[in-house]
Amino acid sequence: MIDIEIYKKIKTYQGVKELVVKDKIPQGSVTKVYGPSGAGKTTFLRMIAGLVSPERGRIKAGDQLWFDAAVKLNLSPQERRAGFVFQDYALFPNMTAMEHLRYATADQPLIERLLQIGKMEAFAGHKPQQLSGGQQQRLAILRALALRPKLLLMDEAFSALDDELREELITDLKVILKEFEASTIIVSHHAQETLGFADRSLKIE
Amino acid sequence: MIDIEIYKKIKTYQGVKELVVKDKIPQGSVTKVYGPSGAGKTTFLRMIAGLVSPERGRIKAGDQLWFDAAVKLNLSPQERRAGFVFQDYALFPNMTAMEHLRYATADQPLIERLLQIGKMEAFAGHKPQQLSGGQQQRLAILRALALRPKLLLMDEAFSALDDELREELITDLKVILKEFEASTIIVSHHAQETLGFADRSLKIE
Amino acid sequence: MEWTPIWLSLKLAAITTIILLILSIPLAYWLSRRSSLFKVFIEAILTMPLVLPPSVLGFYLLISFSPNGFPGHWLQEHFNLSLVFSFQGLVLASVIYSLPFMVSPLKSALAHLPLSLTEASYTMGKSKLETFFRVQLPNIQSSLWTAIVLTFAHTLGEFGVVLMIGGRLEGSTKVASIAIYDAVDNNQYHEANLYSMVLFAITFVIVILVFIFNRNAARGPLE
Amino acid sequence: MEWTPIWLSLKLAAITTIILLILSIPLAYWLSRRSSLFKVFIEAILTMPLVLPPSVLGFYLLISFSPNGFPGHWLQEHFNLSLVFSFQGLVLASVIYSLPFMVSPLKSALAHLPLSLTEASYTMGKSKLETFFRVQLPNIQSSLWTAIVLTFAHTLGEFGVVLMIGGRLEGSTKVASIAIYDAVDNNQYHEANLYSMVLFAITFVIVILVFIFNRNAARGPLE
Amino acid sequence: RVAVAANAQFVLKKLADDFKKRTGISVEVISGASGKLAVQIKNGAPYDIFLSADMDFAENLYTEGFTLSKPRIYALGSLIVCSSTGTDLKNWTSLITAKSPGKIAIGNPKVAPYGKAAEEALNYYKVYQQASERLVFAESISQVNTYVLQGVVSLGFTTQSLVYELPASQRFQWQKVNPLAYAPIEQGAVLLKYSKNKNYLNNKKFFDYLFSAGAKAIFRQFGYTIA
Ligand SMILES: Nc1ncnc2c1ncn2[C@@H]1O[C@H](COP(=O)(O)OP(=O)(O)OP(=O)(O)O)[C@@H](O)[C@H]1O
Ligand SMILES: Nc1ncnc2c1ncn2[C@@H]1O[C@H](COP(=O)(O)OP(=O)(O)OP(=O)(O)O)[C@@H](O)[C@H]1O
Ligand SMILES: [Mg+2]
Ligand SMILES: [Mg+2]
Chain S
1 MIDIEIYKKI KTYQGVKELV VKDKIPQGSV TKVYGPSGAG KTTFLRMIAG
51 LVSPERGRIK AGDQLWFDAA VKLNLSPQER RAGFVFQDYA LFPNMTAMEH
101 LRYATADQPL IERLLQIGKM EAFAGHKPQQ LSGGQQQRLA ILRALALRPK
151 LLLMDEAFSA LDDELREELI TDLKVILKEF EASTIIVSHH AQETLGFADR
201 SLKIE
Chain P
206 MIDIEIYKKI KTYQGVKELV VKDKIPQGSV TKVYGPSGAG KTTFLRMIAG
256 LVSPERGRIK AGDQLWFDAA VKLNLSPQER RAGFVFQDYA LFPNMTAMEH
306 LRYATADQPL IERLLQIGKM EAFAGHKPQQ LSGGQQQRLA ILRALALRPK
356 LLLMDEAFSA LDDELREELI TDLKVILKEF EASTIIVSHH AQETLGFADR
406 SLKIE
Chain E
411 MEWTPIWLSL KLAAITTIIL LILSIPLAYW LSRRSSLFKV FIEAILTMPL
461 VLPPSVLGFY LLISFSPNGF PGHWLQEHFN LSLVFSFQGL VLASVIYSLP
511 FMVSPLKSAL AHLPLSLTEA SYTMGKSKLE TFFRVQLPNI QSSLWTAIVL
561 TFAHTLGEFG VVLMIGGRLE GSTKVASIAI YDAVDNNQYH EANLYSMVLF
611 AITFVIVILV FIFNRNAARG PLE
Chain R
634 MEWTPIWLSL KLAAITTIIL LILSIPLAYW LSRRSSLFKV FIEAILTMPL
684 VLPPSVLGFY LLISFSPNGF PGHWLQEHFN LSLVFSFQGL VLASVIYSLP
734 FMVSPLKSAL AHLPLSLTEA SYTMGKSKLE TFFRVQLPNI QSSLWTAIVL
784 TFAHTLGEFG VVLMIGGRLE GSTKVASIAI YDAVDNNQYH EANLYSMVLF
834 AITFVIVILV FIFNRNAARG PLE
Chain A
857 RVAVAANAQF VLKKLADDFK KRTGISVEVI SGASGKLAVQ IKNGAPYDIF
907 LSADMDFAEN LYTEGFTLSK PRIYALGSLI VCSSTGTDLK NWTSLITAKS
957 PGKIAIGNPK VAPYGKAAEE ALNYYKVYQQ ASERLVFAES ISQVNTYVLQ
1007 GVVSLGFTTQ SLVYELPASQ RFQWQKVNPL AYAPIEQGAV LLKYSKNKNY
1057 LNNKKFFDYL FSAGAKAIFR QFGYTIA
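Protein chains in written order, with the numbering used here: chain S, 1 to 205; chain P, 206 to 410; chain E, 411 to 633; chain R, 634 to 856; chain A, 857 to 1083.
Keep in mind the hints are simulated off the structure, nothing from the lab. Check each hint, because a few of them may be wrong.
Interface residues of chain A toward chain E, partial, derived using beta-carbon atoms under 8 Å [to be verified]:
hint	residue
1	883
2	896
3	899
4	965
5	1001
Glycine included, every Cβ here is placed at the ideal spot set by N, Cα and C.
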């Protein structure tokens, strides 16, 4: 279970507004996060991954404390090791798809399996700039999975996939996430996109 | 009307496959392009904009010939001036939202109107890296519109927008596109996304 | 200590840097575009003046531009321009010598820029020129300022080439680096230290200002 | 013509370049991270050796490392290391002199890299070190090679500092640039040309090979 | 404008002052290595008079037609051995044979006349062999001076005129090298063709002044001998 209570000021030209999120995420669940554009969904995921620090609050994953403003505790992203699928993918321009996965894990059978799930076998030797948008997005998902994360954070991770491909992918994802005993938080704009995947939801405004 | 007949080889590790597209796009229409990931949709838009050359075929916009392999004619992207919303936005890191629009046009009233359509007034002074995913995508759309294009090419242009925002945007888009007498080609994965916007469709595989 | 050499040095470095900017920007742009073997060749050639000891480079330049030589004679004849023992000559020599320090970093920075930025600008009907100055160049600002600072500093410190083709004519070719060199040669260590300090202080202030300016410019308005 | 000076020069340039790589990579990394005024200050300091004429820089090094001076005495005493009139001294001087040409371009290139790449690597549990060597450095390859080539060439051509603290000892400090310089001074233009040609040819081949290699490495497998 | 070999620049400044006092004509002194100055003159340097550190460069300019006159010897240089480390130099050859630590600086014999003379002297005393591994070769006589004065070397061979240029506070020991030990260091002066362009009379006047009794006195004062 992940226990979250965070406060973070977001500065914009509109002025400063405070982002407040409180939630308890059950072990193994898939939580859909939604809310208007610019509400702070990406910022929320970044705070959980340890890329941005909240001003106040605490984050506790299982019995491990990740962040607590009161005691100035703040684990690094490396220590949290959350699988993160970035909204802009953040793929490494110097690596082929295969190298991306090898960078994440040494487990070759897992790599083969992931390539198959993502239908990316034929593109293992391609670098990101030689991949189509949808292929890049799938690679970003596979890279995050290759870590065997206990917590998977997905930011608009299906936006470049067509309905058919997405549904097949979700079927496979569910199996593998169960295997990893991972909890998932997924930011999504489309109600339909996470149908049959998310089992709970969280609104951010 | 835009008359398209193009052939282009796409190289991948799978081998070479040929992308063939033939279509006549009526003046003022909105054409939805769909097909599996990696089929060549982005490549298709890039060929129309003049960023990539087909191997054979011709593209004729109105009575102006844009591309003809037979007579080795190939207008530059500048001469075609198609509004292009890139799948990865391709925003300029050095410019604020306002500067993006000013780069496209000197027409200040149009800029104000576009900022309003995109609900981006409050972010006019932000640079791309200070914008959320959805804000970046809206800016990319506004920048393309600011050119008053006769042809608008949109690559997954609504993927980071939530349903409500997208529908409002589409309503405004229809008005402004009619005003510009523009034809639109939009690549989209989600049937729902272009509902009420596209009036014809084209499949690429 | 006299101020003329210091002033001459700063003038030389500033003029050289400006000329190099004007030359290097198009050159770096051209080199950064799809590289052919021919361009690789040109790039290697540009690096070559560095390999020679400066005074030897100066020697070859002296021979080429001396009134005895053809190019020197021709320039003298038609433009009344002498490139040896004149300030213009120093500028030319410094430009040749510092060229790679300006061109190479700019070229690398341009090559690292994502292609989609220029493509976006082209579809907006912007010429290559406008795209270059309003999209590409502003996005490699930090590399640009670094190149400017290195070139400026390098030109200030140059003395081998300058000594050879400039001589040490008061007020036109006796720059600060030569004055310092002479002072050391004459055991006037106090004077050498003084010159060095002044040159250091002025350059330090310039460099710090450029870096701070660069740092602020790179930042967004909300940071 | 003798081959020893040429060989010495290549050795000096290679060793200097390698030491500079080892020094500059962490330094450039540190400077490229969120810049404080302190870092701006350090960066400006690094640029300063360029401003002095090389022979004057050599003079200051000479004073510091002369057996009378404290550092020189100490090194001599404890490590039996003399930095004047020795190959080691040339290496030290070249390292100081060429440092900015290595550090600055690397720093700019690192600063231009998108932050999200490192962030992605950190979330994957990769240390800063591993991220640097497997993500950041490979993505600024072109700048890295450019910096290497410039440093190498610049060290080959250096003679002012070397002349001051080297002392022209056959086989240890009489490098090619000094040999060429002496030949010119001695009216042996033929010999000077010969040396220049050989140095040119060797460097040209090295530079071309590096550039071609760099060009191929930057390309994807499908291009 | 007078281009002068680095070793004689100090004395030349004195001469210029004296000349100005006598005639009111001012002289611009440009110093450098003789070889470099000669190359510059051949390639159009705007110098009127050239005072070389030896005869060769002056002769060479004369044979190639850059001068108005045959070179004339304006002074003979004297070689000294010197140090700033406090050693007694009375018996300097034994310092070399004793293989004490520390380097010995001489000018590069290939280009610097005083370097050549130093080499000759070492051979004359048959200590070159022992000295050779301690020798460092300086670019010019000024660099030898720098090495000596900064104490980087324990011995150096240089021009006697250095003695008269130093401030009193400088710690310095020196000893004349027997003039028989090396070929005389003849220093030649030429009036250059360029001098015809402007103020020829003044140029000529200064050139003649160099060989006058007054100038000779000043040369002597700075440790030169006059033939
Ligand atoms: N620079 C390149 N080098 C090699 N192959 C490329 C390159 N760019 C694209 N491809 C390949 O061309 C094919 C078509 O790519 P394109 O981007 O047009 O697909 P798409 O239909 O837009 O897909 P998506 O819906 O995933 O964005 C893909 O298989 C891709 O791997
Ligand atoms: N570096 C930054 N500097 C200033 N403001 C920023 C920065 N990054 C984000 N913001 C602002 O913070 C707010 C929240 O951004 P965030 O990316 O979390 O939104 P989001 O909910 O993910 O939106 P979207 O659905 O559009 O991706 C936005 O209004 C954005 O303008
Ligand atoms: Mg977001
Ligand atoms: Mg696409």
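Each hint, compared with the structure:
1. 883: 12 Å, violated
2. 896: At 6 Å from the nearest chain E Cβ, residue 896 of chain A passes the 8 Å test, so the hint holds.
3. 899: At about 3 Å, which falls below the 8 Å cut-off, the nearest Cβ of chain E leaves the hint on residue 899 of chain A intact, so it holds.
4. 965: 20 Å, violated
5. 1001: 6 Å, holds
The structure shown violates the earlier hints numbered 1, 4.
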